[in-house]
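S.K.: Those protein sequences? They're chains A and B, same order as listed. Quick note on numbering: the first sequence equals residues 1 to 363 in the numbering used here. Quick note on numbering: the second sequence equals residues 1 to 519 in the numbering used here.
Do not take every clue at face value.
Okay, derived cross-link-like pairs now, SDA-like style, lysine to any residue, Cα gap no bigger than 25 Å in a straight line [stated by the list, open to error]:
1) B:272 with A:239
2) B:401 with A:349
3) A:84 with B:272
4) A:170 with A:160
5) B:393 with A:82
6) A:243 with B:359
7) A:141 with B:337
8) A:349 with B:190
9) A:349 with B:26
10) A:84 with B:426
11) A:141 with B:378
12) A:243 with B:258
13) B:79 with B:106
14) B:378 with A:229
15) B:373 with A:216
16) B:232 with B:190
17) A:141 with B:414
18) B:378 with A:82
19) B:373 with A:217
20) B:233 with B:260
21) B:378 with B:426
22) B:373 with A:221
23) B:378 with A:349
24) A:243 with B:79
25) A:243 with B:214
26) A:141 with B:273
27) A:141 with B:315
28) B:373 with A:349
29) A:84 with B:214
30) B:401 with A:13
Some chain B residues well away from chain A (every beta-carbon gap over 12 Å; in silico) [claimed, not checked]:
31) 232
32) 328
33) 342
34) 379
For the record, the hints were derived by calculation from the structure and aren't laboratory data. No residue lacks a Cβ here, since even glycine has one placed at the ideal position from N, Cα and C.
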Amino acid sequence: MQFEFERRVTPSRRVMMAVPFITIAITIFLSGIMLLLQGKSVGLTFYAFFIEPFESAYSISEIFLKFGPLLLIAQALAIGFRAKIWNIGAEGQMIMGAIAAGSVPVFLTDSSSIFILPAMIILGALGGMAWAAIAAFLKTKYNANEILVTLMLTSVALQVLYYLLLGPWKDPMGFNFPQTVMFQDAALFPPIIFGFRLNYSLVIPILFTIFAWIYMERRFGGFQLVVGGLAPQAATYAGFSSKGAVWKSLLIAGMAAGLAGMSEVAGPIGQLQRSVTSGYGYSAIIVAYLGALHPIGIIFAAFFLAVIHIGGDIALVSADLPISSVHIFQGLLLVTYLASYTFVNYRLKPRKVSQEQVGGASS
Amino acid sequence: MDERKLTAMHNDQSSLLSLRGLTKIYGSLVANDAVDLDVSPGSIHAVLGENGAGKSTLMKLAYGVVSPDAGEICWQGKKMDNWNTSIARELGIGMVFQHFSLFETLSVVENIALTIKGSRSELIERIKQVSREYQLEIEPSAMVNSLSVGQRQRVEIIRCLLQDLKLLILDEPTSVLPPQHVRSLFDALRKLQNNGVAILYISHKLEEIRELCDTATILRNGKVTGIIDPNKKSAHELATLMIGRDIPKIEQRQSTNKSENAILKITNLSAKNSDPFGPELKDINLSVFGGEIVGIAGVSGNGQQELGRIISGEDLRRDLPSSSIEILGQSVTNKDVTSRRDLGFSFVPEERLGRGAVPPMSLNQNTLLTAFKDGMLKNGFIQNNVVTQFTQKCITDFKVKCSGPSAAANSLSGGNLQKFLVGRELMLAPKFLFMSQPTWGVDVGAANEIRQKLISLRESGVAILVISEELEELFEITDRIYVLRSGRLSPSLTTSDVTPDEIGEYMIGETREETEHAV
C-alpha cells in the first residue's frame, strides 16, 4: 500500500503539542540504536545524560549556566524565525558581543569602577547588533540572502577574534597562549551562590523572555512581524514595512546574542579566548524550533538542551562516549523535529482505495 | 483499438468516458460526492455549476491530476485502474486548464515540443495545418510572452489537437476571452465535434452552455443535481438547478449623489511593469467621483495587477511625477499604503488568502491587519476587546458564516471571506473604495450581496473603483467603464450607452490586427 501526504485544512494543534515529545522519544530511540552499534551501554549512557546532571547541586547549577545563553539567544531567534528572517549567525553576533564587551577590561585592566560591568553590557549588546546590522543592510539594500550572510559573518567574526587574541589583545604574561588577560572582578558578574559558576547574568535571559512574550503576544510590532512571515503580500497590503521587519528581527537577535557573548566572558570564562561561544549560537536554533518558536515553549526547550549539554559532558567521562556522539544527538533532535513537524500541516493517507472501502463509503 | 470499441458497443457501453460514484474529500470538505458523469463520443457535454460546486475537482479527477477517494473511471466501457494524466493523454484526452501551463520564455513550437514528439520542422508544419483546419491562427515561432491570453489558449488547444484527440476538457475557457473571440472559439469547438471529438465544457455561464452544448451535468455542492439537455430548459430552470433557487436580481438605482470633484484622479500615469513579461502602463488617465461606481474591464494580464498595486500604494513608485495619483485633491504618488488609508482609502484585493487576509490567522487578527487605527492600539499594545467587538459587528452586519471571531481566515468559504473583507473595509467608513475582482471565486448569493453593498455605498457618496473580468458584473453595477488592454486605458464609456460588443472591441484592440498578420 502506498501513502501520500495530504495537506490538512488547518494545522493540527494536537500534533503541534505532541511534536516535541515525539521528537525526544524518537531521538532517544535512534541514539539508543547508535549506542548499541558502538557497543556502549544504553542504560548507562542515558543515565549519564538525563539523571546524573540532577545528582549534584553543582551540576544543577551548571545546567542553569548553560540554560541562560541558550534561552536568551533562542527567544530572539524565534522572533526572527516567525517573521521568516533566517538569522543563523547568532554565533558570530555572540563573538562580536564578547569582543566588544571584552574591550573594556582589556583596556582598563586595573579599573574597579562599578561602571565597568554596565559598560560591558551595553557594548556587548551593541557589538552583536552591529554585526547583525551588516546582514540587515545587505538584505534590505541588495536583497542578499541573510542565511548566507549571517553564516559567513560568523567565520569573519571568528577570524577577528583570533587576530585580536594572537596580536594586539594577547595577554603579555600569558606564555604566548591566544587569550587575553583574566578579567578583574569588577568586569565579572558576581556568582549567585558562592563557589558555583552560576551568576547574575541569568537575570538577562529571564527579563528577555518576559519581553519576548509581551512583544509577540500583546504588541502590534510583534503582530506585524508574524504577518510578514506568514503572508508577505498581506503585510505589504496592510502597509507593514518588510524592510522594517528585517531590521527589527536581526537587531533583536544581534542584541540578544551579543549579550549572551558578553555574559560568557563576564561569567564562566572570565577572559577572551578562542572558544567564547560553546556553540550556543547554533544550539539556540534547535532550542527555538524545539520550543515551537513560542516564548513559553522555548523555556522548556532551553532547559532540556542545557540538560543534555551537561549530560553529554558527563557521558564523555562516565559512559566513555566520544564528543561527536553528543553532537549527533543534537543533530538527530533537530532532524527528527523537522520531520515530525511535517505532520502538523500534512497527514498521511493511503493512495489506493480497495473495492470494499468504496462500497463502504457509498453505502 | 477498433475491436475494443466494437465489443464496447455490443455491450451497450456507448459512452467514451464515464465516471462512476467519484468522491473526493479535502479535509472536511466533500468536493465531489458520488458524482456520475457520462460523455458520449462526439458530444459537447457541459459541466455547469457555480463557484465552489466542485467542477474543477471533477475535471482534475477525470484527467487524472488527482486520484479519487472512491469511485471508478471507465474509458470506452472498460474500467481503468491507476488512472493518471499520462494514461489519460495516451488514450486521447486533452485538457486546457483555466491557468495555462506554458513557458513564457519559449516559443509556441518549443512549448508544444515539450509534450509532442517530432522534429521542429515537422511540428511547425503540423501546427500550421491544424491551425488552418480549425481557424485557430497562431504563428509557431512566436514567443509565448508576446501572445495575448486568447492566443495562449489557442496554443493550449492546438497542443491537445496534435495528439490523437478523442476528448477535450476545457475549464472555463471563455473567462479570458472578449465576446468576439468567444464566437471563434465556439466555431472551432463545433468543427472538432464534427470530426468526432467529444468535449467536456466547464462553465458557470448559462447562455454559453445553452448555445454550445448538447448535454449538461449540473453540480451543486459537489453533487449532481441534474443531467439535462440545456436547449430544452430555460436559463431560469438551469439557474434553479445550479444554485437551488432563482438568481436574485440586483436593485439598480441611478447614481444621484455625484460629487463635484474627483476623489481619485490619475493623470498621465506611465510605469514599467515589475513582471518582465507584463505590459507597461502607458498614459493612464482616470478619475472617479464620489457617488459613482467606475469599472475597469479587460482580460487579466493587461496591466490590472500593476495598476491595482500602484493605486493601492503597495507598489510605491517614487520616480513618478507627483501629480500622477491624487486622492481627494492631494498628491499621494509618493505616499505609502498607510498614509493613503489615512485619507479615507480602502482596498479589497483580488487575492483574498495571503493578501487581503492572512490564511492561518483568526478573523480577529485579520481585523487588526487594516483596521488597527480604529482604536485597537494603546501605546502599541493590542486592545483585544476592541478588536473582537469590531470583528463581531462585521460578522453580524455582513452575514459572514463562520464559527466566530476566532475562526481562521482559511476556514471560511471564498464568499464568506470576501464578505468579511468587504465588511472590514466598509466599517472603516472609506471615502474611496477600490475593489479588484470583487466576486472571483464567490458563490452567486454572496456575489449578489457584495454587489448590492457596493450600490448602496454609492448612494452614500463614496467613490468606488472596480477592476473586473466579468463584463456582466460591470454592466450590472457601474456608471462608467474604462477598458484596460496592453497597459493602455480606453476613454471613459458611459455604461448605459455602451454594449458588451463595443467593450469587446476595446478589449481586442490591436490584438486582432496582430493575429491577422500572423496568418
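S.K.: For every hint, state whether the structure bears it out.
M.R.: Results of checking the hints against the structure:
no.	hint	verdict
1	B:272 with A:239	holds, 22 Å
2	B:401 with A:349	violated, 30 Å
3	A:84 with B:272	violated, 29 Å
4	A:170 with A:160	holds, 13 Å
5	B:393 with A:82	violated, 30 Å
6	A:243 with B:359	holds, 22 Å
7	A:141 with B:337	holds, 21 Å
8	A:349 with B:190	violated, 42 Å
9	A:349 with B:26	holds, 12 Å
10	A:84 with B:426	violated, 31 Å
11	A:141 with B:378	violated, 32 Å
12	A:243 with B:258	violated, 41 Å
13	B:79 with B:106	violated, 38 Å
14	B:378 with A:229	holds, 24 Å
15	B:373 with A:216	holds, 19 Å
16	B:232 with B:190	holds, 19 Å
17	A:141 with B:414	violated, 37 Å
18	B:378 with A:82	holds, 24 Å
19	B:373 with A:217	holds, 18 Å
20	B:233 with B:260	violated, 48 Å
21	B:378 with B:426	holds, 23 Å
22	B:373 with A:221	holds, 14 Å
23	B:378 with A:349	violated, 47 Å
24	A:243 with B:79	violated, 57 Å
25	A:243 with B:214	violated, 57 Å
26	A:141 with B:273	holds, 21 Å
27	A:141 with B:315	holds, 17 Å
28	B:373 with A:349	violated, 45 Å
29	A:84 with B:214	violated, 53 Å
30	B:401 with A:13	holds, 23 Å
31	232	holds, 31 Å
32	328	holds, 18 Å
33	342	violated, 10 Å
34	379	violated, 9 Å
The structure fails to meet hints 2, 3, 5, 8, 10, 11, 12, 13, 17, 20, 23, 24, 25, 28, 29, 33 and 34 from the earlier list, while all remaining hints are met.
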